[in-house]
Amino acid sequence: MHRPAALALLLAIPSLAAAGDDPVLARLQAQAIDHDPGLAQVRSIAAAEAERVGPAGALADPVLSLGIQNDGFQGIEIGRMETSFWQVMITQPLPWPGKLDLRTEVARLQARAARAAVDRDRLGVAASVARAYVDLLLARERLALLDRRDALWLQAEGSARARYESGEGPQSDLLRAQLQRLRLRQLRAALAAAERTAVEALDRLRGRPLDEPVATPASLEGWGAPPLLDEAAALADAAARSPELAVARLAALRDVRAADLARRERFPDLAVSAGVMPRGGPFPPMWLAGVSFTLPVFARVKQDRAVAEGDARATAGAAGEQAIAELLRLRVRERREALGALVEQIGIYDAGLLVQSEATAASTLAQFRVGRVPFAALLEAIDGTIADHEGLLDALAAARRIAIAGEEVSLEPTPGAGVASPAAAGMGAAPQASGDSPPSGGAATSGSM
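By the numbering used here, the letter at position 305 of the sequence shown is numbered 305, and the numbering carries on one by one without gaps.
By construction, these hints were calculated from the structure, which means they are not laboratory data.
As the structure is a prediction and not an experimental result, all values here were calculated from the model.
We put the CB at the ideal spot given by N, CA and C, even for glycine.
It cannot be assumed that every hint is accurate.
To be verified - Taking CB as the label site, the calculated pair distances span:
(1) D150 x P374: 17 to 27 Å
(2) V301 x A323: 26 to 36 Å
(3) G352 x L179: 24 to 34 Å
(4) E412 x E231: 13 to 23 Å
(5) R185 x S363: 47 to 57 Å
(6) A323 x P227: 26 to 36 Å
Make a model of the complete structure from these sequences and hints.
Shown next as structure tokens:
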């Protein structure tokens with residue numbers, strides 16, 4: 001597919017193409033849609049299904065019959081015997097009225113279902129790119145946060161050194177500050193690996209060399225929290241755009257039309273014949289015309305069974321459509337509830353929690369310099385403010401992934417573990433500071449929510 005065509009397809013995706021108004025993300029998604037082999041496969045299948053619509057409604061080919069009727073075996077008697085002649089006859093089968101229309105409708109519904117499958121793959125490719133892009137943003141913003149953390153510990157180390165050299169503080173404070181900076185190098189290595197993993201994921205999706213760099217002019221904090229749609233609007237949007245629901249509806253309608261066709265098959269088909277029989281010599285040519293009918297004498301074991309099968313499939317199709325619709329409603333509500341909690345949490349961060357946390361760290365560092373608080377208090381204050389910043393990034397990334405799942409109209413469940421909490425962030429501050437584990441929710445993790 002050429003680039004303009006890929007961009008045109010991308011325009012059908014509401015906000016995946018412009019999450020945070022980021023042209024880089026839109027370009028990455030267009031490249032992935034242009035490259036993806038799976039999408040090319042389902043697009044070709046849809047094209048093949050579309051080619052079946054015309055033949056389904058066409059008449060069967062006419063039959064041309066050529067023959068000869070001759071009196072005796074001694075020689076060709078045409079022109080000498082009245083009952084000897086050549087024969088040319090055309091027979092055109094004609095199905096019972098309505099059968100061709102129903103066959104066309106069944107094929108057309110199948111072709112529309114195939115096009116809906118293309119929509120599913122296109123949404124999936126765009127969502128995969130968006131999730132990998134969020135992972136990349138998260139890794140890079142955590143690396144930037146790590147620089148801030150290192151700067152704080154550098155100040156703490158300088159203060160601890162000054163107090164130790166002046167005899168006002170123990171050497172252990174200086175050693176612990178130096179130890180914290182060494183542990184940050186471990187975290188930096190883990191985050192750098194997560195960044196490379198996200199870049200490689202984006203390059204793979206686009207069919208590019210795995211080491212091709214990807215620029216990220218946007219940021220999670222710059223994007224902010226995704227909008228929380230009204231429940232009725234969210235449900236209506238999901239029902240209108242869900243490829244699975246579209247396929248289920250089309251399949252249910254196709255099964256109903258197939259059952260109608262099975263009932264129509266009980267009626268006989270016709271065949272119209274016309275022919276001419278030249279007799280040669282003094283004898284005028286003869287002609288014939290006729291109509292023939294199929295006799296459904298085995299309807300009880302053929303047509304009636306087909307009707308029963310069609311009715312059963314129509315019932316199953318209706319049940320399948322209802323099941324998809326109910327699951328879709330559940331997923332929309334799950335995502336709204338999870339996103340609502342995250343939006344509220346992000347609002348608390350923005351309303352002053354981060355400012356207060358940073359002020360606490362700055363005040364504690366100043367008091368440590370003059371010996372008013374112990375090193376343990378400084379350790380807690382620095383790790384606390386960093387944990388709060390990481391909590392905000394976690395919440396923003398989790399909220400964006402939920403929004404991506406909504407834009408993808410995914411039927412996958414929304415894991416509750418993807419919702420970061422302030423309590424969890426605070427409990428995780430100490431292990432992260434000590435280097436026991438990399439930050440939670442790393443950029444290498446990419447899941448459909």
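A323 and V301 - C-beta distance against the hinted 26 to 36 Å: 33 Å, holds
S363 and R185 - C-beta distance against the hinted 47 to 57 Å: 28 Å, violated
Pairwise beta carbon distance, A323 to P227, judged against the given window 26 to 36 Å: The hint (26 to 36 Å, Cβ to Cβ) holds, given that A323 and P227 are roughly 29 Å apart.
24 to 34 Å as the expected CB spacing between L179 and G352, which holds or is violated: With a Cβ separation near 32 Å, G352 and L179 satisfy 24 to 34 Å, so the hint holds.
Range agreement (Cβ of E231 with Cβ of E412, hint 13 to 23 Å): The hinted range 13 to 23 Å holds for E412 and E231, with Cβ atoms some 20 Å apart.
Satisfaction of the hinted span 17 to 27 Å by the C-beta atoms belonging to D150 and P374: 22 Å, holds
Figure legend: structure checked against the earlier numbered hints; the only hint not met is number 5.
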